[in-house]
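Asks: Chain by chain, the residues run as shown.
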Amino acid sequence: MELRDLIFSDERVDIYRFGDKTVRLFKESVRKSSVLHIALTHSCVEETGIKIPTLHEVTVINGRWAIVMDCADGETLEEEMAEHPEKIDQYLDDMLDLQIEIHSKSVPKLSKLKDALSRRINELDCIDDVKRYELLTRLESMPKHTKLCHGNFIPSNIIVGPDGDFVVLNWAKARQGNASADVAHTYLMFAMKDQALADRYLDLFCEKTHTSKKYVQDWLPIVAAARMIDGADEEKEFLSRWIDIASYE
Amino acid sequence: MAKKEQTALVSPEIVDSVEALNIRLDEIRAAQREFAAFSQEQVDKIFFAAATAANKARIPLAKMAVEETGMGIVEDKVIKNHYASEYIYNAYKDTKTCGVIEEDKEFGIQKIADPIGLIAAVIPTTNPTSTAIFKTLISLKTRNGIIISPHPRAKKCTIAAAKVVLDAAVQAGAPKGIIGWIDVPSLELTNEVMKAADIILATGGPGMVKAAYSSGKPAVGVGAGNTPAIIDSSADITLAVNSIIHSKTFDNGMICASEQSVILLDSIYEQAKKEFADRGCYLLNREETEKVRKTIIINGALNAKIVGQPAHKIAELAGVKTPEDAKILIGEVESVELEEEFAHEKLSPVLAMYRAKNFEDAVSKAERLIADGGYGHTSSLYINAVTEREKISYFTEKMKTCRILINTPSSHGGIGDLYNFKLTPSLTLGCGSWGGNSVSENVGVKHLVNIKTVAERRENMLWFRAPEKVYFKKGCLPVAFDELGRVLGKKKAFIVTDSFLYKNGYTKVVTDKLDSLGIAHTTFFDVAPDPTLACAKEGTAAMNAFQPDCIIAVGGGSAMDAAKIMWVMYEHPEVDFLDMAMRFMDIRKRVYTFPHMGDKAYFIAVPTSAGTGSEVTPFAVITDETTGIKYPLADYELLPKMAIVDADLMMNMPKGLTSASGIDAMTHALEAYASMLATDYTDGLALKALKSIFTYLPRAYENGANDPVAREKMADASTLAGMAFANAFLGVCHSMAHKLGAFHHLPHGIANALLINEVMKFNADPAPKKMGTFPQYQYPHTLQRYVECADFLGVKGSSDQEKFDNLLKAVDELKAKVGIHKTIREYGVDEQDFLNRLDEMVEQAFDDQCTGANPRYPLMSEIKQMYLKAYYGN
Chain A
1 MELRDLIFSD ERVDIYRFGD KTVRLFKESV RKSSVLHIAL THSCVEETGI KIPTLHEVTV
61 INGRWAIVMD CADGETLEEE MAEHPEKIDQ YLDDMLDLQI EIHSKSVPKL SKLKDALSRR
121 INELDCIDDV KRYELLTRLE SMPKHTKLCH GNFIPSNIIV GPDGDFVVLN WAKARQGNAS
181 ADVAHTYLMF AMKDQALADR YLDLFCEKTH TSKKYVQDWL PIVAAARMID GADEEKEFLS
241 RWIDIASYE
Chain B
250 MAKKEQTALV SPEIVDSVEA LNIRLDEIRA AQREFAAFSQ EQVDKIFFAA ATAANKARIP
310 LAKMAVEETG MGIVEDKVIK NHYASEYIYN AYKDTKTCGV IEEDKEFGIQ KIADPIGLIA
370 AVIPTTNPTS TAIFKTLISL KTRNGIIISP HPRAKKCTIA AAKVVLDAAV QAGAPKGIIG
430 WIDVPSLELT NEVMKAADII LATGGPGMVK AAYSSGKPAV GVGAGNTPAI IDSSADITLA
490 VNSIIHSKTF DNGMICASEQ SVILLDSIYE QAKKEFADRG CYLLNREETE KVRKTIIING
550 ALNAKIVGQP AHKIAELAGV KTPEDAKILI GEVESVELEE EFAHEKLSPV LAMYRAKNFE
610 DAVSKAERLI ADGGYGHTSS LYINAVTERE KISYFTEKMK TCRILINTPS SHGGIGDLYN
670 FKLTPSLTLG CGSWGGNSVS ENVGVKHLVN IKTVAERREN MLWFRAPEKV YFKKGCLPVA
730 FDELGRVLGK KKAFIVTDSF LYKNGYTKVV TDKLDSLGIA HTTFFDVAPD PTLACAKEGT
790 AAMNAFQPDC IIAVGGGSAM DAAKIMWVMY EHPEVDFLDM AMRFMDIRKR VYTFPHMGDK
850 AYFIAVPTSA GTGSEVTPFA VITDETTGIK YPLADYELLP KMAIVDADLM MNMPKGLTSA
910 SGIDAMTHAL EAYASMLATD YTDGLALKAL KSIFTYLPRA YENGANDPVA REKMADASTL
970 AGMAFANAFL GVCHSMAHKL GAFHHLPHGI ANALLINEVM KFNADPAPKK MGTFPQYQYP
1030 HTLQRYVECA DFLGVKGSSD QEKFDNLLKA VDELKAKVGI HKTIREYGVD EQDFLNRLDE
1090 MVEQAFDDQC TGANPRYPLM SEIKQMYLKA YYGN
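Chains as they are written, first to last, in the working numbering: chain A, 1 to 249; chain B, 250 to 1123.
Treat the hints as calculated values from the structure; they're not laboratory data. Note that the structure is a prediction, hence the values are computed from the model and not measured. Do not take every clue at face value.
[Said to hold, decoys possible] Capping the alpha-carbon separation at 25 Å, the derived lysine-lysine pairs in DSS-like fashion look like this:
#, chain 1, residue 1, chain 2, residue 2
1, B, Lys554, A, Lys214
2, A, Lys147, A, Lys109
3, B, Lys752, B, Lys904
4, B, Lys540, A, Lys193
5, B, Lys466, A, Lys214
6, A, Lys114, B, Lys466
7, A, Lys213, B, Lys554
8, A, Lys213, B, Lys543
9, B, Lys466, A, Lys144
10, A, Lys112, B, Lys444
[What the hints assert, rightly or not] If you want the ones that stay clear, here's a sample from chain B, every Cβ over 10 Å from chain A, calculated:
#, residue
11, Asp343
12, Ser642
13, Asn656
14, Thr876
Backbone N, C-alpha and C fix where the C-beta goes; we use that ideal spot for every residue, glycine too.
Isolated chain A (complex conformation) (with noise of 0.2 Å):
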């Protein structure tokens, strides 16, 4: 297999096209069990009945783990929003009732969003012990879902494909969990670049799940302090705002 059609790159991936097929050549220091638990992921949602790209092989190409699936074609939902945005009230509504799709599967073998959440915080050194405290003093006391998260269900990962339909991509970060976190993870996400934007998916959200906005919003602390681990620096102060703020006593 000759791959020259590179289509994106980072410290993790090279993803070239291939055919009518995408490979994801995983850079030598990405871990073999990291590599799999990704393939099995994207099988187990793919056998939930959502629709995306199918994966059709997992294998080592020069020494390198790669994970082959079908490509999916079109913009990507960001893209397009930048595009149109007359159209962005009926994206949002799209996105929302895709995102409450997901999250209405089951999927037992993929590990908790919880730990996934507590490991982060535990990780994080830029927070004091305190902060830490009161963030893991948090997590702990919401409630345990098992409903299916993609974990960074955000524009740039879905693809809008010819017939209008959305192919959601990335599915490394998924778990099951409380869906109100994962909300609280795409709220984060529009915030960081349009806060009026996110306000609109928040209300959206609570509008047609009957869910109440503070049941989300006591989320965002916690999704935040997980994100300090990605983001940027220029990401930080924004999110240490976020984080730094007190239970009741």
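Please build the complex by placing chain B on the supplied structure of chain A, with the hints as guidance.
Replies: Only chain B this time, still in chain A's reference frame:
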């Protein structure tokens, strides 16, 4: 390995790991085991020493708390420490917490306080030292061990406070290590502590409280407050405003009961607002309000930077300029919804101010604010407490808070004993189920002990009740009636009887006498056997028309029962038969209170047959002819006021009636004697009645009017048996006879006669499947009871069993002598019909009111067996 074990046993210097914690917990448990044996005197000495030491350390501990947490005001924290030591000591210094704390020898009840064991105490950052003092003191007073889990932000001062208390306690004799703590707090260790403890005293944020409740251990948790304070137009405005300022500025607003919003009635809005401003509060303008809004709350949560900070500093954070000594930042806002940042709990000197159209509007705003985040905590009202009681009631009815404070600064008021001396002093305020708590009051020592209640067996008080006048002797009726006119002054008598007696002149002796006394009278003679509700209603209508002051029932059970029902409906037309007929386990504990009888009419019962005993019983049965349902009524209110037992009225009873009613009286005596409620008072009556019946019933049956002695003895025996079962009640024979009579139309006395032998055999079993429940009934002893009957009757036998068997034979012989057949079948009850409806009859008999007094609690299958045996015979 040996070395490792040895290391594990060494007491850790600090608790910073699960291993160290486990050793510490073992140490505290060991200390507590020793402490659990301490006397009240020893405990009180320790409690005194510990409270004194904490009191003395109040200033250094306050300084440490402010320095370490960066929140609050030293001088106010001194008050909190002082309060936690002095007020808690004062409240509990004389409280019994060890051993027997309450005793009532007469009722045989004793309450004994036992320590719970190991208490996990989670301590918050807002009141670290005072809460530590409070929790350790109440643990010592209750002989518990305590492990403290401090908040990492306040660990040094929390531990310092706990150490002061521990050192003083040990000095005063407490076991070493009775108080412990986590030195390096982490969620993992806090969770370990909660799992290991016997009870959790959690004070802290909702996260901690939820963690406590999910630990699987009993938890006394508290939660968030969002106290609204209403100032009514009737309030003393100066007092109200200054109380709120005093409370809200206390320790920079960190007390959880502190006011978060003030709701002013429109009419006093400007006046109160001016008072706030004049006293140094800063009223934010619209633009400033917006800035503060965005500073105090982040994504719906409280900004940690403002907690316990002075108003000026918070204003600075928001970019608002205020005088340095501004006391409170007040935002005039409208929405009480969570979208309004000012509607949240703020834990700082920031206050929302609302304008209410009227009192109802103010209360509905307060309700919403409570729902926003203060369910179960505290609410506050300023009002004229003398003139406005209705408004206060309205407010208390609407508030879902466990503390409702009137004219009281809520920070100081909520913790108790400062502005009201009956509100328990505490630094842990329960919020009830509204706040997800197990406790809805201020937490104190009573929540840290297990109360063992020692209840000794006691017997019920029993009674003997009979009509106040029972007149008897052949020919006594006219004499007894003299009293009606001459003593009681009755003017109008209403006679209830049946048509047979009326037509045959039985009531003539009554009416003649009434005429001679000048008492007006009328007679209702339409009572048929098994009297119906329709009949009773008809009689009642006649009574209403006649308005008697005296009712005279002349007849057998039916006439007397019908007259009793008419009496009830005449005196209390409002009563519902379903209520009155409700089954009870104990007549004195019944749900329904029977109406008082006798206010309108005096009730006289004159029996004309010897058997029912209704003239002296509190019972009456009436049938609803539309549904066929029988309503058995039982209450001592139904006791006739006067019973006249005159054998002259019974001389010409037909044979069948003599037999059936006489044998009914025998079963009354036998069942009353075997009943669990039988007493010496009823036993004599039952035995004497029984003996008379065995001797005179055959004579009365055979000789009729020719044997006046037998008639009179039977008349008396029937009334004696009536008084016995009016107090001792009956048993399952009557339960079964009631239903057999109703299902297959057998005369009541005959039905009893057919069943009594089977029931006696059933009751006599010394090892029944189930015995009856009654404290006086100590063990199955009914065989002995029947033997006592046999002895009294002169029935012989070489053993108890033989005497009992001979008693059964004697009963059979008596029945035979008075012409009663041996089986139900012999009375023409169709076998198929009997079997088809047997299960239904069994269930109804089981549920009959008479079953409850039976010495053997019958299973339905056992009742069925008895019915079958009585049907086919042995």
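Asks: Does each hint fit the structure? Answer for all of them.
Replies: These are the hints, each one checked on the structure:
no., hint, verdict
1, Lys554(B) with Lys214(A), "holds (20 Å)"
2, Lys147(A) with Lys109(A), "holds (12 Å)"
3, Lys752(B) with Lys904(B), "holds (19 Å)"
4, Lys540(B) with Lys193(A), "holds (22 Å)"
5, Lys466(B) with Lys214(A), "violated (28 Å)"
6, Lys114(A) with Lys466(B), "holds (23 Å)"
7, Lys213(A) with Lys554(B), "holds (23 Å)"
8, Lys213(A) with Lys543(B), "holds (17 Å)"
9, Lys466(B) with Lys144(A), "holds (19 Å)"
10, Lys112(A) with Lys444(B), "holds (23 Å)"
11, Asp343, "holds (32 Å)"
12, Ser642, "holds (30 Å)"
13, Asn656, "holds (26 Å)"
14, Thr876, "holds (49 Å)"
When each numbered hint is compared with the structure, a violation occurs for hint 5 only.
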